[in-house]
Amino acid sequence: MKVYEPLHDGFVRFCSARSYGVIETDDLVQETILVAFEKFETIRDKKALLAFMMRSASNIVASKARRLKFRGYYDEEAFERLKGVAPSADIAADIHILYQSLRKLPNDMREAIELFEIVGFSIKEIAEMQDASESAVKVRLHRARKKLKEELAPVSSLEQVTASLAILIGLGSLS
Amino acid sequence: MQVDIDPLFQHVRKLPPEVSLEQVRGYLATPGIPAGSNSWYHTLKLKMMIGLILGAAALLLLPSQHNEIGALEPELTPSVKRVATIDPISPIQVQPLSSTTAPTEPSYLGPEVKETPLMVSVEEEKKETIRNGEHDIDRNENDYWNSNPDLPTYDGGLNPPLCTERKPAVTQEFSFKINATDDEDYIGATVGKGREYDVRISRNKLRYRNDKVKHLKLEFAVPGCGSCNWKKFRTVDLKGFETYEYGWKIDENGNMLEFWDRVDNGEVSRLENLTHCCSEVKVRK
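Chains as they are written, first to last, in our numbering: chain G, 1 to 175; chain B, 1 to 285.
Just so you know, nobody snuck in bad clues.
Taking lysine-lysine and the PhoX-like style, the derived pairs with C-alpha atoms no more than 20 Å apart in a straight line are:
id, chain 1, residue 1, chain 2, residue 2
1, G, Lys104, G, Lys147
2, G, Lys149, G, Lys138
3, G, Lys39, B, Lys47
4, G, Lys64, G, Lys104
5, B, Lys14, G, Lys83
6, G, Lys39, B, Lys45
7, G, Lys138, G, Lys124
By construction, these hints were calculated from the structure, which means they are not laboratory data.
Bound-form chain G, shown alone (with noise of 0.2 Å):
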């Protein structure tokens, strides 16, 4: 536990971010740290503890999310759950529409952006952890930052109005 402790927040609320939609993120907490003390003695570098238990924890939403692939995800039961830790509705439905879009990426990408910005490792960290170099990580995360943008951009009123007014300009001249 003394190893295990200045490393809690940042685990669980990546854990939080990998769970959605796919597992109770307690559920998840849990199950990763059981790994994690099983194995407790075979981990040689304990300062890779955290690695080691994000590892687990992806493999595990991995394969709940290959059950899920013909039900669906819980993505309403877990809006209600960030609700209620959400400081408000509005916030809830950011951080909702952005886990569901974080769950697009590949998952390079998306292991690096989590990492980068929700537990908050360095570029070096990440590297070392991804076993790739920095540079890859950075390339990573830029990708990641456009997709999510591009996922997240709302699709405005006026460009809607006239793209439909175009196709209704075309379809009279044709006629």
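Fit chain B to the known structure of chain G by using the hints.
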């Protein structure tokens, strides 16, 4: 329209952790999971592993029951016998009629079975492979020469080495120095100048697959008295023949009385006086 995602992540970072540290402590205090460090558990596992390894090593290092000579030497196998003796039926004890009290014990107890203490007897399992004029060649015989490098050799001359100690032979076995293959009765023999030819042995007949073989050097041994093991090289001219038969007779003590061999024309072509300290071979004509 550009969306700034940094505030979203800020919101996420400000969220209180969904699972508190106390909850985590509660997970680890679940019955069935040792609280605190589980190093004792791994230490125990390590000790068990070391014990298993040491036990396996000790089993491997135990002195072997087999002697160096191999399967031809009789193995001393202590056999434990549990002998049960049955006493004769004890006579019925008749109570006097005047007695008013019922017998407290049954009058008839049946045969008593007494177990004598364990008797340990060591019996030598003798390998009797000799039949009159026949013997089966097995692989153990082939290993005989390989496992007895110190046996005196006979150079084929007129005077085989003699043994000064005369005692009855235990077993009389001929052993051809042949290399067994996978098939039991399909054996490659050392023929000629170290060349390998296939020889088929059935009972006391050798059949050669290769008719180009001209000379076959047969080695056979009579490990008779145990102290004068000798081997004799027997050279057979195989030109024109494909079958070589051999046989012998031994007396009730296992002494060799006669050895004979012949080639496939049915005529006994070679008889040899195998005078030996323990056995005397009579020439059959």
